[in-house]
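Student: Chains as they are written, first to last, in our numbering: chain A, 2 to 425; chain B, 2 to 425; chain C, 2 to 425; chain D, 2 to 425.
I should point out that these hints are in silico values taken from the structure, not numbers from a laboratory.
Heads up, the list lumps identical chains together, so a pair's fine if it works in one copy or across two of them.
Under the rule of at most 25 angstroms between Cα atoms (straight-line distance), these lysine-lysine pairs were calculated in the DSS-like manner:
1. Lys368 to Lys330
2. Lys296 to Lys330
3. Lys368 to Lys25
4. Lys330 to Lys399
5. Lys399 to Lys250
6. Lys382 to Lys171
7. Lys25 to Lys366
8. Lys399 to Lys368
9. Lys416 to Lys330
10. Lys416 to Lys382
11. Lys368 to Lys408
12. Lys171 to Lys11
13. Lys296 to Lys372
14. Lys110 to Lys281
15. Lys11 to Lys366
16. Lys368 to Lys416
17. Lys416 to Lys366
18. Lys244 to Lys399
19. Lys293 to Lys368
The residues making up each chain are set out below.
Number of protein chains: 4
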Amino acid sequence: MSPQYWGFIKDPLYGYIRITEIEKRIVDTQPVQRLRRIRQLSGAEYAYPAANHTRFEHVLGTMYLAGILSQSLPIGLSDQEIQRIRLAALLHDVGHAPFSHLFEPLLAKYLGKTHEDMTFWITTESELSSALRADGFDSEEIGKLAVGRLGDLHRHFLDQIIRSSVDVDKMDFIVRDSYHTGAGYGYVDIFRLIYTMDILDGTLAVDVTAIPTLETFLLARLESFRAIYFHRVTRAVQIMILKALEQAKDDLGIERIKTPETYLALDDYVVWSTLKRYKKSRGIIQDIEQRKLLKCAYERTFFAKDELFTSVLTNEAVRKQIEGEIATKAKVASEDVSIDVPSLPSVPYHYAVEIEPMDIPVFFKTKSGEKVSQRLTELSKVVDVLKVFMNVIRVYTKESYRNEVMKAAETVFGKPQLHDQVSY
Amino acid sequence: MSPQYWGFIKDPLYGYIRITEIEKRIVDTQPVQRLRRIRQLSGAEYAYPAANHTRFEHVLGTMYLAGILSQSLPIGLSDQEIQRIRLAALLHDVGHAPFSHLFEPLLAKYLGKTHEDMTFWITTESELSSALRADGFDSEEIGKLAVGRLGDLHRHFLDQIIRSSVDVDKMDFIVRDSYHTGAGYGYVDIFRLIYTMDILDGTLAVDVTAIPTLETFLLARLESFRAIYFHRVTRAVQIMILKALEQAKDDLGIERIKTPETYLALDDYVVWSTLKRYKKSRGIIQDIEQRKLLKCAYERTFFAKDELFTSVLTNEAVRKQIEGEIATKAKVASEDVSIDVPSLPSVPYHYAVEIEPMDIPVFFKTKSGEKVSQRLTELSKVVDVLKVFMNVIRVYTKESYRNEVMKAAETVFGKPQLHDQVSY
Amino acid sequence: MSPQYWGFIKDPLYGYIRITEIEKRIVDTQPVQRLRRIRQLSGAEYAYPAANHTRFEHVLGTMYLAGILSQSLPIGLSDQEIQRIRLAALLHDVGHAPFSHLFEPLLAKYLGKTHEDMTFWITTESELSSALRADGFDSEEIGKLAVGRLGDLHRHFLDQIIRSSVDVDKMDFIVRDSYHTGAGYGYVDIFRLIYTMDILDGTLAVDVTAIPTLETFLLARLESFRAIYFHRVTRAVQIMILKALEQAKDDLGIERIKTPETYLALDDYVVWSTLKRYKKSRGIIQDIEQRKLLKCAYERTFFAKDELFTSVLTNEAVRKQIEGEIATKAKVASEDVSIDVPSLPSVPYHYAVEIEPMDIPVFFKTKSGEKVSQRLTELSKVVDVLKVFMNVIRVYTKESYRNEVMKAAETVFGKPQLHDQVSY
Amino acid sequence: MSPQYWGFIKDPLYGYIRITEIEKRIVDTQPVQRLRRIRQLSGAEYAYPAANHTRFEHVLGTMYLAGILSQSLPIGLSDQEIQRIRLAALLHDVGHAPFSHLFEPLLAKYLGKTHEDMTFWITTESELSSALRADGFDSEEIGKLAVGRLGDLHRHFLDQIIRSSVDVDKMDFIVRDSYHTGAGYGYVDIFRLIYTMDILDGTLAVDVTAIPTLETFLLARLESFRAIYFHRVTRAVQIMILKALEQAKDDLGIERIKTPETYLALDDYVVWSTLKRYKKSRGIIQDIEQRKLLKCAYERTFFAKDELFTSVLTNEAVRKQIEGEIATKAKVASEDVSIDVPSLPSVPYHYAVEIEPMDIPVFFKTKSGEKVSQRLTELSKVVDVLKVFMNVIRVYTKESYRNEVMKAAETVFGKPQLHDQVSY
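Kindly produce the complete structure, drawing on both the sequences and the hints.
Tutor: This is the structure in C-alpha cells:
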C-alpha cells in the first residue's frame with residue numbers, strides 16, 4: 002500500500018517536504034515539538050547573529066534527506082522500510098538537552114548518559130512509544146535506528162544512513178548551518194553525494210565519481226568547525242553557559258530526572274530563565290545578556306601525534322589542576338581560568354571525534370557493473386590530510402585578566418606559534 | 002573625520018555588514034542584545050518551522066540598508082548624519098515587547114503605550130541614553146528618528162527612511178522573512194528601490210523607472226501578509242499566546258512597569274517560562290507545546306467599503322458581545338470563541354493599516370534633470386488595486402466545537418463566499 | 002515496466018535532471034542539439050549582459066517540470082504517458098528559428114508558418130521522427146502534443162501542461178530568464194503551482210490556495226515583459242536584427258526552405274555570420290557590434306480599449322504608411338523610422354497576447370473532497386487588473402534624428418503622458 | 002574630483018555594477034563588445050548545458066571586484082588609481098581568441114603570441130588606445146596592467162590584483178562558472194578574501210584569519226578544474242574543435258593576421274560558421290552538432306614528481322610520435338588518436354600551471370598592528386597538499402576504436418590505477 006500523505010511543510014533549504022499522515026502524528030507529539038525550543042547552535046549566534054535555527058527544522062530536514070537517500074539507493078527498499086528510516090531520522094535528536102551539545106557533560110556526569118541514550122529512552126518510554134505503536138511500529142527498533150545502533154549485521158547501511166561520516170544528519174546540518182549563519186563554507190552539493198551512494202556488502206558507500214564532492218563536504222565540515230562551532234566567541238559563550246549550568250544544577254534538578262517527562266520539561270527557554278533567576282548562575286547570564294564575554298588568552302593547535310597530551314587534558318581532575326596552576330601564576334582566582342579542549346568532556350565538542358573520515362567506503366564501478374571497494378585516503382590526498390586535523394587547546398579568562406593569564410599559560414603550555422590560531 | 006570601523010558582522014542576506022566603533026558599543030548594550038530573545042514572527046514558526054529569526058538580526062539589517070540608502074541619496078549627507086540615521090535604524094525596535102507585535106494590545110491597555118513609545122522611552126532613559134551621549138549624540142533626537150517622528154519640516158525624508166511605506170524596515174523584513182520562512186514571496190530587488198530613490202521637496206521619493214520593482218514589493222508585502230503574518234495557523238498561535246498573556250498579566254506585572262529596566266527584563270524566554278509556570282496560563286501553553294491549536298471555524302474577507310464594519314469590531318466591548326452571542330448559539334463557553342480581525346487592538350495586526358501605499362511619492366526625471374512629482378496610483382493599476390485590499394474577519398474555536406461555531410458565526414456574519422479565504 | 006534511466010544532467014535551477022535512455026537518444030539528435038545555438042532571449046543581452054542562455058537548457062528544464070507536474074497530478078498517469086509528455090516538452094521548441102521569436106515574422110511572411118508549425122514539421126519529418134518511432138512513439142502524436150494541439154476532448158490537460166497560461170514552458174522561462182538576467186522579478190515559487198494543480202473536467206486547474214502564488218507568477222510575467230522582453234534596448238537590437246534579416250532574406254534563402262534539414266541548418270551562429278558577410282545587412286550588424294543602437298524617440302502605452310488602434314498598426318502596410326509620414330515630417334529617410342508595437346507581426350512579441358490570464362481555471366476543494374470550479378478574476382483583484390494590461394507603441398530612430406522624430410511622432414500619435422513609459 | 006557615474010549594469014552575481022562615464026565609453030567599443038561572442042568555457046556546455054556565459058559578463062564582474070578590492074585596501078588609493086585598475090580589469094581579456102583558451106596553441110604556433118600579448122596589442126593599437134587617450138589614460142600603462150606586467154617595483158600589488166594566485170579574475174570566474182554550470186563547487190565567500198587583503202612590502206597579501214576561505218577557494222578551483230574545465234566531455238569537444246581549427250587555419254587566415262582589426266574580426270560565431278563551411282573541418286563540426294564526440298580511452302594521473310614526464314609530452318613532436326605509436330598498435334589511423342595533457346601547448350590548459358598556490362603571501366597582524374609575513378603552506382596542510390596536485394594524461398579516440406586504443410595506450414603508458422580518474 003502506498004503511503005498516505007498529509008501534505009507539505011515549507012523548508013527554506015529543500016522547498017517542499019512532503020510528509021505522511023503517520024509522520025504528521027509523530028511531528029505533533031510534545032517530544033518533537035519541544036525541539037522548537039532547542040537551538041541547533043547554542044552560542045554561535047554571538048558570532049553569527051542570524052544563527053537562531055532550532056533542532057526542529059533540522060530533524061525535518063534530516064527526515065527529508067533520509068527519504069531521498071532511501072528511495073535513491075538502488076536496492077529497492079519498500080515503502081514500509083523507507084517510512085521506518087524517515088521516522089528514525091525524524092526522531093534522531095529528540096534526546097537532546099537544552100542548548101544541544103552544551104548540556105552533554107552534565108548528562109554524562111550526573112546521569113551517566115549521552116544524548117543518544119536519551120533519544121532511545123524517549124522514543125521507547127515517552128508518549129512517542131505509544132504513538133509509534135498505534136501506527137504499527139516497533140518503538141525499540143525505531144529508537145535503535147534513530148541513534149544508529151540497530152546493528153543489523155547484513156544491513157549496516159540502515160544505521161549508516163543516520164549515523165556515519167556522511168550521514169544525512171551531517172549533510173543537513175552542514176548546509177543548514179551555513180544557510181542560517183551565512184558563514185559561506187557549507188554550500189555543498191549534498192544531492193550529488195546522495196545520488197551516487199550505493200550499498201556494498203551491506204554498507205553505505207560512495208561512488209568514486211563523487212570524490213570531488215566528498216572532499217568539498219569534508220573541507221566544509223572542517224571549515225564550519227573552525228569558523229562556526231569552534232569560533233572563539235561561540236566557545237566563550239558556551240563555556241559561560243556551562244559554568245552557569247554547573248552552578249544551577251540543583252535548581253534545575255538534573256540529578257532528579259527519573260522520567261522522560263521530567264527531562265522533556267527542560268528546554269532552552271525554561272533553563273535560560275531558571276539560570277537567570279537562580280542566584281548562583283544569575284551573574285553569568287547577566288554578563289552574557291550584556292555581552293561581557295570571556296576572552297581567549299591563549300590558543301594552540303595540536304596535531305595527531307599530540308593526541309596523548311590532549312587526552313590527558315580531557316581528564317577533569319588534571320584540567321582543574323592545571324587551571325589552578327595557571328591561576329596561581331596569573332594571580333587570579335582559579336574559577337577565572339577555563340581550559341577549553343575540543344574533545345574535553347567538560348565542554349564537549351561533539352563533532353570533533355567525527356572529523357576522522359577514514360571510514361567512508363568508496364567504490365569504483367567497472368564496465369561490467371561490478372562494484373570494487375576502494376580506500377578513500379589512497380584516492381584523495383585532500384581527504385588524507387583532512388583526517389589528521391585538528392586538536393585545539395585554549396585558555397579563557399575575563400577581559401581584564403587577559404595579559405596575565407596569557408603569560409601564565411605560556412609558561413605551562415609553551416609559547417604558541419602564529420599558525421596555532423584556529424578561528425578568528 | 003571619516004568613520005572608525007570596528008569590523009564586519011556576517012549576515013546571510015547582505016554578506017558583510019560593516020559597523021563602526023560607535024555602533025559596536027551600542028550593539029553591545031543590553032537593550033539591543035535583548036532583541037536576540039525576541040522573535041521577529043511569533044507564531045509563524047508553527048506554519049513555517051524555520052521562521053526562528055529574531056529582532057536582533059533584523060535591526061542590524063535595517064541599519065545596513067539605512068546606511069546604503071543614506072549614502073546613495075544624491076544629496077551628500079555627511080558621515081555624521083549617516084551615522085545618526087544608522088543608529089536610529091539600529092534602535093528602531095528596542096521598544097518591542099516579547100513576541101513582538103503580539104504583546105502590543107497589553108501595552109496599549111495597561112500602559113497606554115505603543116512599541117514606538119517604548120522605543121523612544123528606552124532610547125532616552127535606559128543605559129542607551131548615556132551610551133549615546135558618551136559618543137556625542139543627542140539621545141532624544143536619535144529616539145525620535147528611530148520611530149520616525151523627528152518632524153524636521155524641511156527634511157521629512159529623515160523620518161521616511163525608517164518609517165514610511167517603502168522604508169528600510171519594511172525592505173529588510175520582506176526579504177528576511179522570506180529567507181527564513183522559505184515562503185517564496187519576498188525575493189524583491191530592494192536595492193533597485195534604494196538606488197533609484199531621491200529627495201523631492203524634502204520627501205523621499207522613488208523614480209518612476211522603479212515602478213515595476215515597487216509593484217513587486219507591494220505585492221510581496223500583500224502575499225507575505227496572507228501567507229505568513231496572517232496565516233491561519235500563525236494567528237491561531239498568536240490568539241492563544243495573547244489569551245495566556247491576558248491571564249497572566251498580574252504575574253508578569255505589566256501594570257507595575259515603571260522603569261525601562263523592568264520592561265527590558267521581559268523577553269520571549271522569560272515570558273514563555275512564566276506563562277508555563279503560572280496556573281492560569283499553563284493550560285494554553287501546554288496546548289501549544291503539544292500542538293493542540295485553535296481552529297478557524299469561519300473566515301470572511303471585507304473590502305474597503307466595509308471599513309466601518311471592521312472598525313466596529315475593533316471595539317473590544319462590541320467584539321466580546323458578539324463572541325458571547327456566537328458562543329450562546331453554538332452552546333459553548335464564551336471564552337471558546339475568538340473573533341480575529343487584522344486591525345483589532347486586542348490581537349493587533351501591525352502591518353494591516355500600512356498596506357495603503359498611496360503615500361509613496363514617485364517622480365519622473367526630465368531630460369533637463371528636473372524631477373516632476375507623479376501620482377503612483379495613476380501610473381500603476383497594480384498599485385491602485387493593491388491599496389483597497391484587505392480586511393479579514395475570522396472566528397476561532399477549539400477543534401471539537403468547529404462545526405457548531407461555524408454555523409453560529411454564519412448566522413451572525415452571513416455565509417461566506419468561497420473567495421473569502423485569505424490564507425490556506 | 003519502470004523507466005530505464007540514463008543518468009543526470011546538471012541544471013543550475015533544478016539541480017539534477019534525471020533523464021531516461023529514450024530521452025538521451027532524443028536529446029542527442031541534431032534538431033535538439035541545434036538549440037544550443039539559439040538564444041532564449043535574442044537582444045536582451047544588450048540590457049542584461051549575462052542573458053546568454055539558450056533554448057537548449059530551456060527545453061531540458063521544461064521537460065523536467067513537465068515530468069514533475071505529470072507525476073504530481075492526482076490522476077495516476079502511467080510511466081508511458083509521463084514519458085510521452087516529457088518528450089513533447091523536450092521537443093516543444095525544436096521549431097524555433099534563429100534568434101527565437103525574432104525570426105517569426107519572416108517565417109510568417111515567406112513560408113506562411115509559425116514556429117509551432119515548424120516544431121510539428123520537424124518532429125514528424127526530420128530524423129526526430131524515426132528516432133521517436135524506433136522507441137515506439139507516434140511522432141505525429143508527440144508533435145501535436147509538443148505544440149499543445151493534441152485536442153484530446155476528454156483530456157485537455159495534456160495540451161495545457163505544455164501550452165496554457167500556466168504551462169511548464171512559461172514556468173521554466175520565468176525563473177530561468179530571471180536567473181540569467183539577474184533582473185529580479187521572476188523568483189516565483191513555481192513548485193507551489195505545480196503541487197496544487199489538479200484536473201477538473203479534463204482541464205488543468207489550480208487550487209484556490211495557490212492564488213497568492215498565481216498572482217505573483219502573473220505579476221512576474223508582466224514585470225519580466227516590461228523589464229526584459231520589452232526593454233527599450235532589447236527591442237532596439239531586435240528591430241535592427243529584423244531589418245538585417247529582411248535585407249538578407251535572399252542570401253539566407255528563407256523562401257527556398259523545403260526540407261526540415263534546410264531549416265535546421267540555420268542557427269544564430271550561421272545567420273549572424275551571414276548577415277555580417279552580406280553587403281546589404283553588414284552595416285546593421287556592424288552597428289550592433291559597436292553598440293550603435295537605435296534609440297526610442299517616442300513611447301506610449303495603450304490599454305484594452307485601444308486594442309482596435311493597436312491592431313490597425315499591426316497591419317504592415319498601414320505601419321509603413323505611418324512610418325513614411327513621420328519620416329517626411331522629421332525630414333529623415335523612411336527606413337530610419339521604425340514603429341514598434343508588441344503584437345505587431347513585423348516585430349513580434351510572442352508573449353503579449355498571452356498576458357490575458359482569464360483562462361486559468363481555479364477550483365476550491367470542499368471538505369467532502371469535491372472540487373468546485375471558480376472564476377479567478379472574481380477571486381483575485383490583482384489578476385483582474387493584470388489582464389487588461391498592456392499595449393505599447395514606440396518609435397525608434399537613429400540617435401542623431403531623435404528629436405525630430407520625437408516631434409513628428411507626437412503630431413501623429415499625440416503627446417505622450419509621463420505614465421506612458423513602460424521600461425526604463 | 003569624484004568619479005562621474007553613468008549608471009548601473011545588472012549582474013546576476015553581484016546585483017548592481019555601477020560604472021563611470023569613462024567605463025561606459027570603453028565598454029561600448031568594439032573590442033569589448035566582441036567579448037559577447039566569445040564563450041567563457043568553450044566545450045563545457047556539452048557537460049553543463051547552461052554554461053553559455055561569455056567573456057563579456059566576466060570582464061564586467063572582474064572590473065567590479067577590482068574596484069571593491071582597490072577601495073577596500075587600507076592604503077588610500079586615489080579615485081584616479083582605482084579607475085585605472087578598474088579599466089585594466091575590464092580590458093584584461095580583450096585579447097582572447099574565439100573559444101577562449103582553446104585557440105591559444107594556434108596563436109602560439111602561427112603568431113608566436115599568447116592571449117595576454119594580444120590583450121596588450123589591442124589595448125595599445127586598436128580603437129581602444131585612442132578611446133583611452135581621449136579620457137586621459139596612458140594606453141600602454143593600462144595595457145601592461147591588464148596583463149599584470151606593469152612591473153612597478155614598489156607596488157607589485159597593482160599587477161597582483163589582476164594577475165596572481167588570488168586575483169579578481171580568478172575570483173570572478175570561480176563563482177561565475179559555478180553559477181552558470183550549476184556544478185556546485187564554487188560558492189566561495191570571495192568577499193571575505195577581498196575584505197581581509199592588505200599590502201605587505203608592496204605585495205598583495207591575505208590576513209591569516211581568511212585561511213579557511215583561502216583553503217575553500219583553492220579547493221574550489223581544483224574541483225572546478227576536475228569537474229568543469231577538465232571534464233572528459235569538455236575536453237573531448239575542445240580536442241575536436243582544435244583539430245578543426247588546425248584543419249581550417251588557412252581559411253581562417255590566422256597567419257595573415259597583421260592588424261588588431263583582423264584579429265578582432267574573429268569571434269565564436271564567425272569561426273564556427275567558417276569551420277562548418279570549410280570542407281576540411283566540416284566533418285568535425287557536424288560530429289559535434291550531432292553530439293558524436295571523441296571518447297576517452299585511457300586516463301592516468303601524475304603527481305609532482307612526474308613533471309618531467311609531462312613536460313616531455315608537451316613537446317608536440319614527441320606527442321605526435323607517441324600518438325602514431327599507439328595508433329599503429331591499435332591499428333587505427335594516427336589522426337584518430339589524441340593525447341591530451343593539461344599543460345600541453347597543443348590543447349592548452351591555461352589554469353593548470355597556476356594551481357600552484359605557494360606564492361600567496363599571508364600575514365598575521367600583531368596586537369600592535371604590525372603585519373608579520375607568514376608561509377601559507379606552513380599554516381595550512383590543506384594548501385600544502387593542494388599544491389602538488391594534479392597532472393593528467395588522457396588518450397581520446399572515436400567511440401568504435403575505444404577498446405583497441407585503450408589496450409595500445411596501456412602498453413605505452415602502463416595500466417592505470419583506479420585512482421587515476423580525474424573527472425567523471
